[in-house]
Amino acid sequence: MKPPRFDYHAPSTVDEAVALLARYGGDAKVLAGGQSLMPMLNFRLTRPAALVDVNRIPALAYVREDGDAVALGAMTRQRTIEFSPVVARRLPLLHEATRWVGHLPIRSRGTIGGSIAHADPSAEYPAVLTALDGEVVAQGPRGRRTLKPRELFETYLTTRLAPDELLVEVRLPAMPAGAGYAFEEFARRHGDFAIVGIAAMVVRTGSRCTAARLASAGAGPVPLRLRAAEEILERDGLGEAAVEAAAVRAGELVDPDSDVHASAEYRRHLTQVLTVRALRRAVERSREPSGTGHPRPEPGSRTPLQ
Amino acid sequence: MTEPVLVRVTVNGTPREGRCPPRKLLVDFLREDLALTGTHVGCEHGICGACTILVDGQAARSCLMLAVQADGAEITTIEGLMKDGALHPLQEAFRQHHGLQCGFCTPGMLLTALDLLRVKPDPTEAEVREGLSAVLCRCTGYHGIVKAVQAAAPVPAVHEIR
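The listed protein sequences correspond, in order, to chains A and B. Going by our numbering, the first residue of the first sequence is number 1, and it counts up by one from there. Going by our numbering, the first residue of the second sequence is number 1, and it counts up by one from there.
Bound-form chain A, shown alone:
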């Protein structure tokens, strides 16, 4: 199968790309890494009048520390993120999630902006964006605006980006030093899209949890922040009982659909199981911000991990 006919444009600046998108008035597709769009074109599931290939815009590929945040250009390849020392140090959750994105040859081409703008609810990066409460920067003919994940993701494969807007940057708050984190996922085969994935982060002070972050992938039409489950940890700490209670709550919070891959009930079950696993690993990894680098059980508290 060959892709359908299209006009092909490879602009070298964001302004040119936005002008092209505006010119085609919603009938153009942005070609980023192509790891989702190219299969859809090959199958002729989509027949855009034009492709705006943003691979020749060098200004869109960077990983930059920006105060308490890390800014990633939309065309930063997943492979670059996988091997970025800045990401490993300041966004270890993103680093870990990247290993779940397809395979190395897919990550050579796939980009963070493409993954997020494609808005597949079972994809890893939208869940990380949601868990860390980051934001994306979009540029259109009238300038730039930022969108939070809950504003961005509308439903399956659909964002609230306008047809003439280009996602140009992903901004994620740097994780606090010592934060524990984990990305857990279940897929039928390694590298497949997740049936369910869970992104978790915990920040501890003593046995208390000062901040918890949980988000699901694949358990509904958009990635979901599991705030009520986070609150259990922030109230009750990071012991095993609180971890299990938070996981039960997570399973109640998601609203999955049934499809050919899994029933809604199974996805709900997976949400609970993967939340326990993610939180246990996150707690194990967490340490005091000024700590020694090793997890220290608090005297008198239950050891959360066995």
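For the record, the hints were derived by calculation from the structure and aren't laboratory data. Just so you know, these numbers come straight off a predicted model, no measurement behind them. Idealized CB from N, CA, C, for every residue including glycine. A couple of the hints might just be wrong.
Stretch-level coverage of chain A by chain B, calculated; a stretch enters the list once three of its residues show a Cβ under 8 Å from a Cβ in chain B [said to hold, decoys possible]:
#1 6-13
#2 42-56
#3 104-112
#4 177-191
#5 259-265
One-sided and incomplete, this derived list gives chain B residues near chain A with beta-carbon spacing under 7 Å [claimed, not checked]:
#6 18
#7 38
#8 41
#9 45
#10 52
#11 57
#12 58
#13 60
#14 61
#15 80
#16 133
Could you slot chain B onto chain A? The hints should help.
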């Protein structure tokens, strides 16, 4: 523009060029326009990995790139592995360890494994299996392939590609 575009690439060290419509996939450009049929076309949606090549030194699916996107790139295909009539050390290891049967997935396996060995020069068996899960073999499973990659890993010349 849907008019044919000029695509200039360096394939296995040799400058090559061709003219093709922008919708032409890179794998079809290699096979049909440059007559390099060693790269195989399997699923055409990025799952099977048979068409994996190196683009600027990194493994990538040539069915998920347009030929026009490769303009200016350095490409390595299976045809670039043999040197002076001798098999590349990784090919030699595949031969010794029975790492192929029908051969359809083999070009993708070899290029994927070369990239894997560059990012992980001393991989564990689990890492080899994770890396090679990017390519599907439907003949006999993966045992011989995994053994071949592990056997080739310590050979210094395994990283040499012309």
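Results of checking the hints against the structure:
Coverage of the region 6-13 of chain A by chain B holds in this model, with 5 residues showing a Cβ closer than 8 Å to a Cβ of that chain against a need of three. A stretch counts as covered by a chain when three or more of its residues have a beta carbon under 8 Å from one of that chain; for the region 42-56 of chain A and chain B the count is 5, and the coverage holds. A stretch counts as covered by a chain when three or more of its residues have a beta carbon under 8 Å from one of that chain; for the region 104-112 of chain A and chain B the count is 5, and the coverage holds. Three residues within the 8 Å Cβ limit are the bar, and the region 177-191 of chain A against chain B gives 3, so the coverage statement holds.
Counting residues of the region 259-265 of chain A whose C-beta lies closer than 8 Å to any C-beta of chain B gives 0; at least three are required, and the coverage claim is violated. With a cut of 7 Å, the hint placing residue 18 of chain B at the interface with chain A is violated, because the nearest CB-to-CB distance is about 16 Å. About 17 Å separates the beta-carbon of residue 38 of chain B from the nearest beta-carbon of chain A, more than 7 Å, and the hint is not met. A cut of 7 Å between beta carbons decides the hint on residue 41 of chain B: the least distance to chain A is about 10 Å, and the hint is violated.
About 4 Å separates the beta-carbon of residue 45 of chain B from the nearest beta-carbon of chain A, less than 7 Å, and the hint is met. Taking 7 Å as the C-beta contact cut-off toward chain A, the hint placing residue 52 of chain B at the interface holds, the least distance being around 5 Å. Interface restraint check for residue 57 of chain B: the shortest CB-CB distance to chain A comes to about 9 Å, outside 7 Å, so the restraint is violated. Hint status for residue 58 of chain B: holds, given a least beta-carbon distance of 4 Å to chain A, under 7 Å.
The beta carbon of residue 60 of chain B comes within 5 Å of a beta carbon in chain A, closer than 7 Å, and the hint placing it at the interface holds. Hint status for residue 61 of chain B relative to chain A: holds, with the closest Cβ pair at about 6 Å, below 7 Å. The criterion of a C-beta within 7 Å of any C-beta in chain A is not met by residue 80 of chain B, whose closest approach is roughly 17 Å, and the hint is violated. For residue 133 of chain B, the shortest C-beta to C-beta distance to chain A is roughly 5 Å, which falls under 7 Å, so the interface hint holds.
Hint check: violations occur at hints 5, 6, 7, 8, 11, 15; the rest are consistent with the structure.
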